[in-house]
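Single-letter residue listing:
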Amino acid sequence: MNLDTIIFAISAVVAIFGAVMMIGQRNPVASVLYLIVSLVAQAVLYVQLGALFLGAVLIIVYAGAILVLFLFVIMLLNLRGTEDLGEGSPPISRFTKFLLSALMVVEFGFVVWSGVFPEAGKTGIDAPAGGFGSVKEVAELIFLKYLYPFELTSILLLVAIVGAVVMAGRSVIVRSSESEAPASREEAAEEARG
Amino acid sequence: MVTIPAFLIVAVMLFGIGAIGVLISRNIIILFMCVELMLNAANLTLIAFSRALNIPDGHVIVFLVLTVAAAEAAVGLAMVITIFRNRETINIDRFNMMKW
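Sequence order for the protein chains is A and B.
For the first sequence, position 188 (counting from the first letter as 1) is numbered 188 according to our numbering, and the numbering increases by one without interruption.
For the second sequence, position 69 (counting from the first letter as 1) is numbered 69 according to our numbering, and the numbering increases by one without interruption.
Hint data in this document are derived by calculation from the structure and do not stem from the laboratory.
Note that this is a predicted model, so its numbers are computed, not measured.
Hints should not be assumed to be uniformly reliable.
[What the hints assert, rightly or not] Now the stretches of chain B that chain A is said to cover, found in silico as 3 or more residues with beta-carbon under 8 Å: (1) 7–17; (2) 22–32; (3) 45–56; (4) 73–86.
A virtual CB, placed ideally from N, CA and C, is assigned to each residue, including glycine.
Using the sequences and the hints, build the whole thing.
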């Protein structure tokens, strides 16, 4: 049992443990923190597979930016007593959901074990080719071979920014039962002023 | 020696846990996080195959998936904020305003 195996075992167990704890939490803040634990372990797996650049990007972008955005939204929502989890009668019973999920996992496991990809079983991770997954190699691919897809992502991000601002910046929509009330806070303020 | 299928099994388990979370979660924020987890499992698969075939192009796909995940999180959370402002809940069973 060499060092690679030990590191892999630890990070795999931590990644799965974090994921399981994430979906088991009632408090969303604890859920976010467990997801960060899982992501850090997954970054170790990335590095083991030679993806040094993407391991760093995973920690910086996911744990550093996206999950902070989640935390920010959770803090902003002020969820006192609103997380009424598991109440009511869901259209599909919880047991059926677990059954369907387990079936899917079994299918995935079958695909992995049945040797759809036979060479993968022989490939160890302990002999990475020179420069594989380094910043230089990934950057050459992104900026030379895949330049146009990369530039298209900038448009995607622009659209996402505009969409997020338009959606979250909108004032309160009045439900149809309250159509007599002023349509928004701005209008109410204007009426109060004028 | 750690082989590539070991990583694939971890990715499968992460994807399965994410799918279970999407199915059983009543909280839309945890649901979004489960979607992120499933995207990450797919990324791990891409990197594992990229390593197995010694083709680094998979890393570029992972990079693009990370971008899409960031955009999805931003737009999704903006929707959560808007819905919470109107409905005062994050329980997805209450999100039925487009149902009728």
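Task: Violations among the numbered hints, reported as their numbers in ascending order - done: none
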